[in-house]
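Asker: Build the full structure now, drawing on both the sequences and the hints.
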Amino acid sequence: MSKRLAHLFKFCAVGGMNTVVDFAVFALLIAGGTPVMPAQWLSYGCGVLNSYVWNRNWTFRHAKKRGYSEITRFLAINVAALIVTSLLLQLLAERFAWPITICKLIATSAGFLINFMGSRYWVFGLPERSESE
Numbered sequence: 153m154s155k156r157l158a159h160l161f162k163f164c165a166v167g168g169m170n171t172v173v174d175f176a177v178f179a180l181l182i183a184g185g186t187p188v189m190p191a192q193w194l195s196y197g198c199g200v201l202n203s204y205v206w207n208r209n210w211t212f213r214h215a216k217k218r219g220y221s222e223i224t225r226f227l228a229i230n231v232a233a234l235i236v237t238s239l240l241l242q243l244l245a246e247r248f249a250w251p252i253t254i255c256k257l258i259a260t261s262a263g264f265l266i267n268f269m270g271s272r273y274w275v276f277g278l279p280e281r282s283e284s285e
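Residue numbering for the sequence shown is 153 to 285, as defined by the numbering used here.
In short, the hints are calculated from the structure, not lab data.
Glycine included, every Cβ here is placed at the ideal spot set by N, Cα and C.
Each hint should be verified, as a subset may be incorrect.
Stated by the list, open to error - Have a look at the derived ranges for each label pair, beta carbon to beta carbon:
hint: 1; residue 1: 254; residue 2: 228; range: 27 to 33 Å
hint: 2; residue 1: 277; residue 2: 251; range: 35 to 41 Å
hint: 3; residue 1: 168; residue 2: 213; range: 15 to 21 Å
hint: 4; residue 1: 172; residue 2: 236; range: 16 to 22 Å
hint: 5; residue 1: 172; residue 2: 227; range: 19 to 25 Å
hint: 6; residue 1: 179; residue 2: 205; range: 19 to 25 Å
hint: 7; residue 1: 249; residue 2: 224; range: 34 to 40 Å
Answerer: Here it is in structure tokens:
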């Protein structure tokens, strides 16, 4: 398997874990009466913490010391994804009046591409190509 496919596979596995964390926290907050947007921000933040640890240490096996620029780039990518997913969640919920879990699933799926491309090429700095890719 090429490095690119291995990264994608691992990123998807971590993304699955992030989604479980995100959805579980979101469901608990909604069940507890938290409004949708604060629930979205808090649950997304929990998924982001999970994402950073697993993607840095397993998906992209980033061995060099963490720097402020890496963390700043990681947060920037995730803030961008949060903005996109939050706007999409609100739009779908208000415009189409779909069940909130369906809206959340669609919004989460939309943020996947932003996170993968940003993490692989900008945050963890793996743009170089090798013969095995």
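Asker: Compare the structure with each hint and give your call.
Answerer: Hints versus structure:
The hinted range of 27 to 33 Å is satisfied by residue 254 and residue 228, whose Cβ atoms lie roughly 29 Å apart. Taking the beta carbon of each, residue 277 and residue 251 are about 40 Å apart, inside 35 to 41 Å as hinted. Judged by the Cβ atoms, the range 15 to 21 Å given for residue 168 and residue 213 holds: they are separated by roughly 19 Å. Remark: the range hint 16 to 22 Å for residue 172 to residue 236 is upheld by a beta-carbon distance near 20 Å.
For residue 172 paired with residue 227, a C-beta distance near 22 Å keeps the hint of 19 to 25 Å intact. In this structure the supplied range 19 to 25 Å holds for residue 179 paired with residue 205, their Cβ-Cβ distance being about 22 Å. Distance hint check for residue 249 and residue 224: the Cβ-Cβ separation is about 38 Å, which falls inside the suggested range of 34 to 40 Å.
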